[in-house]
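> Keeping their order, the protein sequence lines are chains H and C.
Going by our numbering, the first sequence opens with residue 1218, and the numbers climb by one from there.
Going by our numbering, the second sequence opens with residue 36, and the numbers climb by one from there.
Wrong hints could be hidden among the right ones.
[Claimed, not checked] Within a straight-line C-alpha distance of at most 30 Å, the following computed DSSO-like cross-link-like pairs (lysine-lysine) qualify: (1) H:K1393 / C:K188; (2) H:K1390 / C:K390; (3) C:K392 / H:K1405; (4) H:K1405 / C:K142; (5) C:K142 / H:K1393; (6) H:K1405 / C:K105; (7) H:K1393 / C:K129; (8) C:K105 / H:K1393; (9) H:K1390 / C:K188; (10) C:K390 / H:K1393; (11) H:K1393 / C:K40; (12) H:K1393 / C:K136; (13) H:K1393 / C:K219; (14) C:K40 / H:K1390; (15) H:K1405 / C:K188; (16) C:K129 / H:K1405.
These aren't lab readings, by the way, just hints derived from the structure by calculation.
None of the values given here were measured: they were computed from a predicted structure.
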Amino acid sequence: MSFANIRREDASRAVIVHAILLTYTLVALYPIFLVVINAFKTRKGIFRDPMGLPNAETFSLEGFTKVLAKSNFELFFYNSFTVTIVTIVIVLLLAAMTAWALSEYKFPGNTALALYLAIGIMVPIRLGSVSILNLIVDMGLVNTLTALVLVYVAQGLPLAIFILTEFMHQIPKDLKEAARCDGVGEFKIFFAIILPLIRPAVATVAVFTMIPIWNDLWFPLILAPGDGKQTITLGVQQFIGQYVTDWNAVLASLSLAIIPILILYLIFSRQLIRGLTSGAVK
Amino acid sequence: MADLKLDQIRKSYGAVDVLHGIDLDVKDGEFVVFVGPSGCGKSTLLRIIAGLEDITGGDLMIDGEVVNTKSPRDRGIAMVFQSYALYPHMTVYKNMAFGLKLDKQDKAAIDARVREAARILQLDQLLDRRPSELSGGQRQRVAIGRAIVRQPKVFLFDEPLSNLDAALRVQTRIEIAKLHQDLKSTIIYVTHDQVEAMTLADKIVVMNGGNVEQVGSPMQLYHHPETRFVAGFIGSPAMNFTNVTIDAVGQGQATVSVPGGMKSVLPFNVDQADIGKQVELGIRPEHLGLGDEGALTVSGLVDVVEKLGDSTYLYLKLANGDRVTVRAPGHSRVKIGETVTASAPAGAAHLFNDKGKAYQKVDCPAEFSAEE
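Starting from the given sequences, assemble the full structure and let the hints guide the process.
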């Protein structure tokens, strides 16, 4: 086979792959696109032509004004943001340290502990909703953001530990031993050498942890539905009624809710650079 | 600067013994090279000295103090790894200063030490670069610099040149030799390359299967190998070996029959009891010359010819199937398929008994002796 043939085959394969990915991207993005364009329409505009772009006749910001003026939108926002950020920080710190211990140190029960933590990936945490609710009630944490943070940390840890452990296994052994010969203490090795090296993995884990928390409706609904503690997804529900749904407000608040998570995603995805370890070892 | 003493060091992984009681003395300022084939335990021994592996048995002393249970940082060692092991997210400067900063040293003092090391290793221009922006040789120099700034009692090198290309390896080898002359520090160096061992070492430790085969200066090992293993390992191309029978033993000499039926008188102290036994005769390729002037003669068919310019290696196949390498002059015109005769003086011979131990040579001529 000549080189030209190989290249043509490569090219056609690339076209197919890109076609599939583009289709998937369109399918995934279209609902979001619909949400955003309809957020900028009048109520009539939404119902008359749900797929159409806002024009001079149908353009309106009434949804946004309603959301910002008539509800505690800033508060919902603040609650969601606090819960997400605090959870991410705790999950990343604890998961990274656990992963370091599991991957670096030999101790009895190491494998058993890793397997036990992996079970958390397979069993959905919502199965334990009743017990969790009982526990939170007993602890007197109902209607607090703390309750949400605690549950989300438990939810996020198993996968985070699993991913980070795999990444830490890839860090060359020589690097840690060089640090030990340099007289670097174990904590310093972890914070000054290991963590910077697995930054791409940490960013990945942050994204994985953050999205389900931001989007979650279940735990805010059962653990912290009270006034002043609602998160954004729960807050939006007030516009959805049994008989009448205020679509302008719902779509506007959903559009607004995309913004912070998008910003966080952009921050973390900038860290997803490959080849950070190149140059450490040959 | 320190001396080092290994006393019956043993190491086992579970039921597998990898080091069987190593005894070794390293004097202050000595350049010691551990050399041996893969899996002989040389790297394990180095890692034990560094404190990266636990000791199963025996004592390790640095400066007369037992350091068995001390951590690497408290032993006062610095190690250079084969893979360089530089911190990829730090600049060259930070790589070198990192260990010092942790010791809470004065900033100006750290700076002075890093710049001094950079000057010695010609890294001045590269201090702000990251490891990924450096070539292999430069990276290895940074790794050496990181060791120098700590002013350790003992430097440990774990096959530092293995990842470099041939030209760079020779150059870096010379730099390490110069470094040792300048710093006069105690260095322990592990390699599987006997050329590195011969050129760098004050003292070579030849290891095999978790044991020390022989310890000595490069010339001692070359001229007076105590075992067949050392004889075969040191020298390139490797020594030729062939089986011979001891026919007669006299005062400081032994008569052996070499393949082809010839008898030769060799200057060795051999026990009367060994008459009739089969022993191994060893001759280095560079001691064999074309022609039959020497006391030991072999003839064979030329199998392969390797022309290196300054010399030509002829690979002969003897009548009994043994193979012999001969170093002929570079201008040699011998071709494949020719039958040639090569010979060596009796003093160049080595004789090993059936257990691989060398017989003692008597009246060794100066050219085959380590004495100066």
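> Give a verdict on every hint.
Hints and how they fare:
Using a Cα cut-off of 30 Å, the hinted pair H:K1393 and C:K188 holds, with the two alpha carbons roughly 21 Å apart. About 40 Å separates the Cα atoms of H:K1390 and C:K390, which puts this hinted pair outside 30 Å; it is violated. For the given pair, C:K392 sits about 51 Å from H:K1405 by alpha-carbon distance, which is inconsistent with the 30 Å threshold. Distance restraint check for H:K1405 and C:K142: the Cα-Cα separation of roughly 19 Å lies within the 30 Å cut-off, and the hinted pair is therefore satisfied.
A distance of roughly 25 Å separates the Cα atoms of C:K142 and H:K1393; the hinted pair therefore holds under the 30 Å criterion. Annotation: proposed proximity of H:K1405 to C:K105 holds, straight-line Cα distance about 19 Å (limit 30 Å). Between the alpha carbons of H:K1393 and C:K129 the distance comes to roughly 16 Å, so the proposed pair stays at or under 30 Å and holds. Our distance criterion of 30 Å between C-alpha atoms is met by C:K105 and H:K1393, whose separation comes to about 17 Å.
Annotation: proposed proximity of H:K1390 to C:K188 holds, straight-line Cα distance about 24 Å (limit 30 Å). For the suggested pair C:K390 and H:K1393, the alpha carbons sit about 43 Å apart, so the restraint of at most 30 Å is broken. For the given pair, H:K1393 sits about 27 Å from C:K40 by alpha-carbon distance, which is consistent with the 30 Å threshold. Pair hint H:K1393 plus C:K136 holds up; C-alpha atoms about 17 Å apart against a cutoff of 30 Å.
For the suggested pair H:K1393 and C:K219, the alpha carbons sit about 28 Å apart, so the restraint of at most 30 Å is met. Of the supplied pair hints, the one linking C:K40 and H:K1390 holds, its CA atoms being roughly 27 Å apart against a limit of 30 Å. Restraint check: the Cα-Cα separation between H:K1405 and C:K188 comes to about 24 Å, which is no more than 30 Å; the hinted pair holds. The straight-line distance between the Cα atoms of C:K129 and H:K1405 is roughly 15 Å, inside the 30 Å bound, and the hint therefore holds.
Checked against the numbered hints above, the structure breaks hints 2, 3, 10 and satisfies the rest.
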